[in-house]
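Asker: Given only the sequences and the hints, what does the whole structure look like? Please build it.
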Amino acid sequence: MKYVSEYRDRDTALKYADLIKQLVTRKWSIMEVCGGQTHTIVKYGIDQLLPDTVTLIHGPGCPVCVTPVELINQAVEIAGFENVIFCSFGDMLRVPGSTDDLLGAKASGGDVRIVYSPIDAVRIAAGNPEREVVFFAVGFETTAPVTAAAVLQAERLGLDNFTMLVSHVLVPPAIETILSSPDCAVQGFLAAGHVCAIMGYIEYEPIAEKYSVPIVVTGFEPLDIFEGVYMCLQQLEQGRTEVENQYLRAVSREGNLTAVELMRSVFEVTDRKWRGIGKIPGSGFRLRDKFSKFDAGRKFKVSSHEVEESEICISGEVLRGNKKPYECAAFGAECTPEHPLGAPMVSSEGACAAYYRYRYVRKNDE
Amino acid sequence: MSDRNISQMTCPIPLDDYPEVTMAHGGGGRLMNDLIDRVILKAFSNPILDTRHDGAVLATEGGKLAFATDSHVITPLFFPGGDIGTLSIYGTVNDLAMCGARPRWLSASFIIEEGFSMETLWRVVVSMAEASKKTGISIVTGDTKVVDRGKGDGIYINTAGIGIIPPGIEIAPSKIREGDAVVLSGDIGRHGIAVLAVREGIQLESGIRSDLAPLDSMVGDLLDADLNVHCMRDLTRGGLASGLNEIASMTDCSIRIEENLIPVHDEVQGACEILGFDPIYVANEGKFITILPSRYADRAVEILRDHEEGSQAAIIGYVEKSSYADVLMTSSIGSERIVDMMSGEQLPRIC
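Just so you know, the sequences run in chain order B and G.
All residue numbers for the first sequence refer to this note's numbering, where the first residue is 1 and numbers rise by one.
All residue numbers for the second sequence refer to this note's numbering, where the first residue is 1 and numbers rise by one.
Honestly, I wouldn't trust all of these hints.
Claimed, not checked - DSBU-like mimics (lysine-lysine), calculated; alpha carbons at most 35 Å apart, straight line:
(1) Lys324(B) / Lys301(B)
(2) Lys321(G) / Lys21(B)
(3) Lys15(B) / Lys175(G)
(4) Lys175(G) / Lys43(B)
(5) Lys15(B) / Lys301(B)
It should be emphasised that the hints constitute simulated quantities derived from the structure, not laboratory data.
Answerer: Quick look at the structure:
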C-alpha cells in the first residue's frame, strides 16, 4: 500500500540496523515517548535488530494508560445513570476502574457507545434532545483540537444536553518529570510525531537545552523509528543535544496554528494526575470557565475520592520507563488483556499489551 | 462429568472475573473461546463436540454427515455486499463445506421484533431464497417467533444445516503435519471493514464491499482434485489470526506465516491504519484457509484462482514442529513475532 509499505521495507530496515551498529561506540538508552511507537517497536521486532548497546525505554505516551482511575470510576458511574448516553473512544472501554470498566457498565444496562470522533457525540446529542450525552475526552495534544471543535459546535447548536469528562494530557511536562527524576536513565528522546504535527516542536527546544538531552521528533512506521533512533544516536555520539525532526512529512517547527488556537480558546492548562505516575503540574487541559456548562463533572454529582492502585501492578514503573512489562510478577499471570490489573495491559498503545500480544508465551497453555 | 448431576455444577467462570456476559465474549477471540471452553463444552462435552470443528461430523450406516448451526445478528441488516438473509445461508453452508461436506438441507429459525417492517422481512427472505438456490441447498424446516418491541434488534436468524461428506474425505485439525502448506483463499478483512464503514458514527469513504460468498464450490473443486487436504477453516469473527490459532492449538504443531504474503486490499489496509486494527484480526465471510501437503499447494492455489472469490489466493505459510507459540509471523521487516488470538473485540484506538 502506497505511503505505508515503503516505510515497512525489509532491506532498508536492515541497512539502518547496520548503520546503527557501525555508529554506536558505547551503551545508550533512548525513550520513545509515544505508545504508538512502542507498539511499532514490539510488533515489528525493531529492538531485536538493534545492537545490545542500544536500549529502548518505553515512555508514558499512552493516553488510555495514564487516565487516572478516579476518572474511570466517574465515567463508569455516569455511564450507569438513567437517561445518559455515554460516548467514548473504543480503547477506553476495557480500562479497569476500581470495581468495573465501561464495558461492564454497558453489560449492566448503561448506554455506552463507541465513537470515532467527539463530533459524533455532538451529533448524537443533537439527535437525542431528551437524553444527556456525555463524551469521555481523553488523549494528548493530538485529540484535544477535535474535542475543542466539538465544544464550539455544541455551543453553536445551543445544545444543553451535551457535556464532557475532560482528561486531556500534555507531553512536555511529562518529559520534564521523567528527566527530573533522580533515577532517570534516559539519555535521548523520540518525541511523538503526531503530537508535534499539532504542536510543532518549539516547546521541546528549551527542554533539550535545560536537560542537555537530544530530542528527535519521530513518526510511527518501522523505518521512521529506525531513522529516529539513528538520528538520536548520532547526536549522542557527537555530543549534540538538539531538537531534530525526522517526521518531516507531517511536522513543522510551528505546528498547526489553527488547531493550537482552537485548543487554547476552549481549554486552559491545569495540573493533572497521571495514572501510575501521580500529579504533574501544568500537564493537562480543562475547560475554560466560559465553557463550564459542558463540564460533565459539574453537571453530574459523582464521587471523586482518591483511589489506591493495585499493589502488585507496577504500571507506574512501566510508564516511567524504569521497568519492562515482563519484570512485573503479575504480567501474564494475574494480569492479562482479558483481566487487566493496570491500563497498560488494556490499550492498543499500552506497553504491557504490546509485550503480551507480540512476545508473551502463555505457560501451561492447553 | 457424567456421574455428576448437572444442576449441581457451579459456573466455572469465576464470578469475580465477569459476572455478566460482555460484548467481548462474542468477539471471536480468547474471551469467546473461554466462554465456550469453560461453560458450553463443560456442560455438553462429548467426543463429537470436543473436536471443535466448524461443524459436527456424524458417522451413519450410509456414510458420514456434517451438521452445523450458526446464529446471525448484524447491524445494519443490509450492508455493502450482502445482508443478514444471504449471510444466514452462506454462514452455515460454509461451515458445512469446511467439514468437506456437500451442503444439502437447511433449517431457518427467525426471532423477529414486534414492529419490524414486513417489507424488510420480505427482502430478507428473498435474499435467503436466492442464496439457497445458488448453493443448491434446500430450506426444509423452520420456525418463527415474535418478541416484544425493544427485546430484539429487528431480526435474528438461526440456520442449521446438514451436508453429505463424500467417502474417503477426512478433514480435521488433527490431520495437519509438519511441512504442510497454509493456503489462504483470498484477501482478508473486507467484511469487517465494509460493515464497520456503514455503522453509525464512522464516515469512511470506502468502496469496500463485504466478501460474503459461498465457499462450497471452491471447496468442492479442491476435494475433487484429490490434493489430500488435511484441514480447512473459514475465517469469520476473529479473522485469520484466530482461525490459525484455533487449528494450531488443537495439534502438536505450530503455524508460521509471512506478513508480506498475506493479501490485503489497499482500502482495507487504509481503514485498518486509521482505526488501529490489524487486518489479520478483522472478520471475513467468504475466505478460508486450507492446510495440505506442500507438494499440492501450488495446484490448490491454481484451483482457487479459477474462482472469482479466490483470485487472490496465496500460500501464506507452513506448518512447523511445535514451537514456543502456536502461531508465529515473520514481519514485513523480517523479524519474528507471535500471532496471538485476539483478546475480546478489536477496539478502535484513540489516536
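Asker: Now look at each hint and say whether the structure bears it out.
Answerer: How the hints compare with the structure:
Annotation: proposed proximity of lysine 324(B) to lysine 301(B) is violated, straight-line Cα distance about 39 Å (limit 35 Å). Taking the CA atoms of lysine 321(G) and lysine 21(B), the gap is near 33 Å; set against the 35 Å cutoff, the hint holds. Among the hinted pairs, lysine 15(B) with lysine 175(G) is inconsistent with the structure: their alpha-carbon atoms are about 42 Å apart, more than 35 Å. For the proposed pair lysine 175(G) and lysine 43(B), the alpha carbon gap of about 31 Å is at most 35 Å, so the pair holds.
Among the hinted pairs, lysine 15(B) with lysine 301(B) is inconsistent with the structure: their alpha-carbon atoms are about 58 Å apart, more than 35 Å.
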